[in-house]
Amino acid sequence: MSQTPLKTKKPFFLRFKDERILLILFALMLAFPFVMNLITGSGLNDGITKFWQGQLIIFFIMAVFAMSYDLLIGFGGILSFGHAASFGGGAYTFALLMEHWAPNFIGKYRILIGSLDITEGIVLLIVFLAVVLVSILIGLLFSATSIRLKGAYFAMLTLALGTAMFILVKATDFHEWTGADEGLHGVYVPDWINPTQNRLTIYLISLVFLVVCYLVMKRMVNSPTGRVIIANRENEDRMRMIGYNPVLYRTIAFVSASFFAGLAGALYSIWNTSATPTMVSAVTTVNALIMTILGGMGTLVGPILGAAIMQTISQFFYTWFGARWPLVFGVLFILIVMFLPYGIIGTWRMKRNDIKGGWQKLLRLLSKKEDL
Amino acid sequence: MKPENKKRLMIFIWSLVGVGVVAGLYLYAGKEPFIRTTLSGLTLGSLFFMVAAGLTLIFGLMDVLNFAHGAMFMLGAYMGWQLYTNPTFIFGMLPALLAFSTGIMMTSVIKPYLIRWEISSKWQNFLPKAAYFLALVIGVVAFWGFDILQLANTAMVAATTTTAGNPLAEISAQEPFVQFWYRPLLLLLSGLLVAFASSKPGVKTEFAPLDEMKSKLVLPIVLFGLTILSIIIRESAPVAILLMNGNWRFVISIIVAIAFGFLFGAIVEITLIRPLYVRSFFIVLMTLGLSFVIQELVQLLWDPLAYQMVRPPLFAQPGKAANLMEWLRNGSSTIDVFGVTFPTYRLFVILLGVVMFVFITLLMTKTRLGMIIRAGVQDPQMVEALGINVKRVFTFVFALGVAMAALGGIGAGPFLPIQPAMGEQYQMQGFITVVIGGMGSYVGAFVGAFLLGMGRAFGDYFALKLSLSPAIAEASTVIIMIIVLLIRPQGIFGKKE
Amino acid sequence: MTEDILLEARNLTKAFGGLVAVDDVSIKIRKKTMHAIIGPNGAGKTTLFNLLSGVLPPTKGEVYYKGEEITKLPPYKRAHLGIGRTFQITNIFPNLSVMENVRLAAQAKGKDNFKLLRRADDFQQYIDKAEEIIEVVSLKGKELFLARDLAHGEKRKLELGIMLACDPELLLFDEPTAGMSSEQVPELIDIITNIVHNGDRTAILVEHRMDMVMSISDIITVMNQGRILAEGSPGEIASNPQVQIAYLGDLYGELA
Amino acid sequence: MSDHNQNDDILIIDNIHTFIGQFHILEGVSVRVPRGSITVLLGRNGAGKTTTLKSVLGLTPPREGKVIFDGMEIQGKRAFNVANLGIGYVPEHRAIFRALSVMENLKLAERQKGDFNRNADFIFHLFPDLKRLYKLPGNHLSGGQQQMLAVARALVPDNKLLLIDEPSEGLAPILIQQMMDAIRELSQKTTILLVEQNFIMASQLAKRYTIIDDGQSVHDGLMQDLVNDQDLIHQYLGASIKTRKELEKNHETRK
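Protein chains in written order, with our numbering: chain A, 1 to 372; chain B, 1 to 497; chain C, 1 to 256; chain D, 1 to 255.
Hints are supplied without guarantee of correctness; some may be wrong.
Calculated cross-link-like contacts (lysine-lysine; reagent style DSBU-like; alpha-carbon spacing at most 35 Å) [said to hold, decoys possible]:
1) B/K214 with D/K107
2) D/K113 with D/K189
3) D/K207 with B/K391
4) B/K214 with D/K113
5) C/K31 with A/K218
6) B/K216 with D/K207
7) A/K150 with C/K111
8) B/K216 with B/K391
9) D/K189 with D/K131
10) D/K107 with B/K6
No lab work stands behind these hints, which were simulated from the structure alone.
As the structure is a computational prediction, the values presented were derived from the model and not from experiment.
Take the sequences, apply the hints, and build the full model.
Right, dumping it as structure tokens:
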């Protein structure tokens with residue numbers, strides 16, 4: 001999966017050509033609630049339309065989380081079992097601030113521009129800044145451990161650090177703050193983005209969030225820095241000899257992955273107005289891992305597809321196989337690991353040249369330019 | 001000689017620190033709490049070791065992080081518990097399993113003849129695939145209409161309703177022989193087909209000498225005999241076992257758990273792990289998926305409930321024994337250790353861990369197999385070049401590791417709730433143990449396990465005393481790990497790369 | 001005279017456990033020379049190389065570059081100073097394209113390594129430089145191949161290209177022709193001499209092909225069992241009986 | 001190839017091609033090893049000598065070509081099967097098992113119980129040092145002792161053929177002499193295929209040679225012919241190596 005450098009700079013509009021499928025998908029997703037509304041007749045904010053918006057919101061957010069994990073594992077070549085710490089860290093930062101700080105602040109102060117009350121906006125902004133800060137710190141913490149440790153030891157330490165985070169949020173000592181085992185529920189969220197009252201808003205926000213994150217990550221992967229991170233994955237010793245400091249670039253990979261994961265966590269926290277210990281647990285990391293593997297490591301579209309598959313499977317397998325659906329899913333996962341190790345997108349991309357070649361041959365045959 | 005001296009100095013300093021910490025704890029906590037906490041630390045350490053031993057062995061030789069180890073620990077507990085409470089399920093499934101293995105074990109017998117078969121490469125490709133497919137179909141047909149869930153239910157019912165009075169109260173009927181007879185036959189056939197496929201008929205580059213046929217026939221014949229036996233005793237054996245003295249029943253449970261773990265490990269290694277050695281990262285993912293599957297399968301068979309296994313009579317009598325002799329005579333549930341009342345079963349768990357350590361040490365240092373394993377850790381290629389089938393050694397080590405996890409499971413059975421997630425926590429602790437001790441070192445795993453057990457126990461003690469949450473105790477193991485890794489990134493007994 | 005010296009090692013020693021691979025070696029590399037290090041297998045050439053390029057820390061001794069001590073500098077900082085090296089085992093980025101392999105090296109010394117949100121392809125100067133170098137190492141037309149799909153000889157050329165893109169002043173070649181067939185060697189020799197002489201660069205070369213060493217190097221250092229056995233011009237070395245014996249095997253005593 | 005009878009060859013390597021990963025390492029190597037003598041593979045670093053030995057053993061199985069040992073095709077078979085046919089292997093860099101004691105290293109090489117006891121006298125006769133070091137762990141041995149152990153390990157079972165890879169590498173002169181004597185004595189008992197860079201050692205030991213260059217066997221014949229063939233030596237074994245006689249002459253004049 002190499003990034004082939006293109007010498008000629010493409011005109012702006014042509015750049016969208018590569019992304020046309022995604023553009024179409026984006027448009028479809030944008031239109032989805034309205035179309036559903038037309039077809040089913042139920043209101044935008046209730047019934048089946050609302051339900052499916054909810055499903056898609058989870059998908060959008062988890063896709064960003066999975067992509068951020070892929071940034072680490074697929075592009076950076078760093079196997080971390082503690083990525084949920086960033087996701088949960090973002091969620092808890094958001095929930096804690098919104099629960100314990102924001103209502104007080106909003107109760108006491110009003111910030112007006114003219115007659116426009118932007119207090120809630122400012123509060124959200126500050127909270128999100130805090131989320132970003134916390135997730136960057138978590139990324140730094142994890143990358144600091146990678147300086148001394150290698151391979152399986154490093155993977156295990158990330159697992160342990162993740163667990164430490166999990167234990168921390170579960171600790172009863174901070175019950176009044178974090179809600180310990182139950183987590184924080186019914187977190188205060190401004191009305192205009194409240195998922196029960198204004199689902200469409202949060203739907204659109206998550207959709208835009210996904211698209212923006214995808215574009216930014218794609219750009220990052222193709223940026224000078226991103227290229228260095230990828231090369232770092234390939235051959236760290238050689239990078240050192242060329243004149244790059246691998247530790248620095250590993251840190252950048254960690255911090256940026258953590259940054260996106262933290263944002264996704266915070267958004268998830270808005271979506272279900274809660275932050276629970278499960279979001280920090282290893283299960284969440286494993287979910288991201290599974291999504292990435294399913295779709296294909298080292299591609300950004302892969303994790304999105306993986307998230308979509310996971311979301312669909314968890315919806316339909318339940319109705320098909322009952323409560324024991326993960327059994328079927330587990331078998332499926334093992335089969336994919338055994339027979340499609342590069343994931344769906346990865347395998348497809350590897351074969352794509354063959355497919356292309358096949359098509360060209362077919363066309364040649366049809367146009368009778370070649371006698372075969 | 002300078003590094004030697006430095007090493008000795010370090011060991012001396014660390015022993016001093018260790019003694020200091022122990023003395024400090026003793027003075028701080030007082031005699032009785034200290035002994036009590038130490039004993040629970042030992043119990044935990046023993047459990048951690050039983051999980052970590054297999055993990056470290058597997059990692060050392062094969063570089064495989066087995067994320068399904070906790071699930072295998074749990075399976076061991078379930079199997080032992082099954083046999084102990086109501087073995088109907090185990091004996092009901094046994095003929096099928098044995099018949100299938102008999103078929104597979106015929107591989108080495110038929111292989112020398114099959115590879116000499118003159119067939120075109122097209123058939124060489126096609127025949128194994130067809131055989132595998134046919135084996136699958138026959139396997140499905142063999143189980144068609146076989147109510148496994150009902151069979152599994154028997155133990156569940158027994159666990160929830162039977163009282164000590166009548167162990168046979170819930171023994172339930174199995175499928176009558178007239179309905180059952182053809183199932184083992186079909187499975188034998190299915191196994192034979194797998195053997196046919198895996199011996200690669202007609203492939204000339206395969207190698208199998210024609211001599212030594214006698215020794216190759218032993219295993220299939222024994223297995224076949226066992227199959228017949230298992231069909232005959234299918235209905236009577238559960239009754240016999242349930243009427244047995246509880247202590248002996250427990251011993252048999254342990255043996256069954258070990259045997260099951262070994263067999264299961266071997267099957268997993270051969271079918272799932274072996275094809276992935278070239279892409280080792282995917283083994284981690286595969287074992288993750290496997291742990292998923294195992295847990296769900298167990299929940300399917302025995303519902304997502306927690307069961308309490310009855311303690312064997314040797315540990316069940318209420319009352320406190322003053323010394324070991326009295327305990328063995330009366331079967332008391334608790335015993336007096338330096339003035340502290342301590343459950344006897346926990347003492348047994350500690351003993352189990354130590355016995356296991358002794359066993360591994362003997363295996364590794366005194367036997368040829370141990371030699372092969374130690375050599376294989378360094379250079380499997382060279383071991384192969386000496387004429388040793390390294391693949392088979394890998395299978396054996398994996399199976400042994402899983403068997404040890406299963407032994408840990410059944411050992412923990414009588415004092416932990418038996419539930420699908422029971423392995424998860426121990427797997428995590430097992431990983432930490434292995435990392436602390438140094439991956440691949442069983443001595444490290446032993447030391448690390450007891451260090452962690454102590455850390456955990458004293459963490460609990462301090463959490464209680466200082467009225468902190470139990471989370472502090474949970475975190476203590478992680479903290480110990482971080483400290484150890486900061487000082488020695490390769491673990492206590494690990495070797496620098 | 002001292003300005004003439006580009007790299008200097010003083011009393012370098014490296015021990016692995018009990019084995020002393022490099023034993024108290026002092027060597028001076030003069031500017032704009034092709035300095036070859038030869039010696040039988042296990043003489044410590046590659047270890048010396050690793051000490052000079054910073055891959056391994058020495059047990060004892062110092063390394064000076066342009067008069068400044070660099071003994072403790074990590075390899076990536078040495079690379080910034082202008083020390084580049086190739087590896088005995090082909091050591092490239094297998095899953096990246098040829099272009100990307102070279103482009104990354106060209107980018108290393110630039111100031112754009114931390115631009116996260118710009119397209120790498122927008123930095124034309126690195127692409128231009130990479131193309132230029134690809135031409136020099138005669139890999140033109142293979143820019144978009146994945147590095148792992150190249151033939152062995154081409155991989156060695158790519159390896160040279162990567163090093164060259166770092167714009168080094170001192171080049172360390174570790175057996176550049178290892179594993180190449182005889183027909184391919186002359187081309188590679190041309191490339192190497194071209195790189196060194198046209199760019200006014202200095203080079204240290206470890207090589208087994210004596211004919212190649214004799215024809216292209218200015219100074220030859222012979223190592224045996226971790227020590228320097230002899231140093232001098234190709235002519236001197238060729239007529240040095242000690243060297244002959246070292247190369248043929250140390251059975252001197254028996255012959256006498 | 002007419003100078004000896006084909007049926008006398010214990011090992012015939014016939015045009016093998018071996019890949020390691022993407023690398024095409026051997027591009028047609030053919031070697032004949034006549035029974036009961038020493039054959040040496042010559043060639044410069046990275047020419048494919050070690051890979052040839054590994055391909056015989058099945059550690060890097062060849063993709064094309066045939067390997068015939070004692071009349072049986074063995075290409076594609078697993079290494080342990082090949083070894084059990086009676087091939088001993090002494091790898092380069094003395095790959096002894098450092099975690100095992102000298103005794104364990106030797107015992108591990110047993111193919112049948114009692115192999116070691118049967119051959120112990122001969123082994124300790126060749127390498128008396130090992131008897132003294134019997135209980136020491138492998139990582140406490142010096143380089144030369146490790147090399148002796150590596151050779152000794154191949155002598156534990158009764159092998160029909162020994163593959164020995166660079167026994168003189170990194171050894172002090174006195175040890176090289178000792179190793180040479182040992183190998184010469186060994187050749188009385190079994191056939192040996194040797195890889196050796198030390199030309200003098202090779203020329204004194206071997207009866208036949210095969211030169212491998214760039215993954216191809218380019219030349220073979222009797223050692224005594226090669227010693228007198230300046231051009232060939234020059235072409236394949238690196239530059240201005242002079243023959244032993246000239247060296248001796250040089251030495252005389254310096255005296």
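A quick look at each hint next to the structure:
no., hint, result
1, B/K214 with D/K107, "26 Å, holds"
2, D/K113 with D/K189, "21 Å, holds"
3, D/K207 with B/K391, "38 Å, violated"
4, B/K214 with D/K113, "19 Å, holds"
5, C/K31 with A/K218, "45 Å, violated"
6, B/K216 with D/K207, "43 Å, violated"
7, A/K150 with C/K111, "29 Å, holds"
8, B/K216 with B/K391, "18 Å, holds"
9, D/K189 with D/K131, "21 Å, holds"
10, D/K107 with B/K6, "34 Å, holds"
Checked against the numbered hints given earlier, this structure breaks hints 3, 5 and 6; the rest are met.
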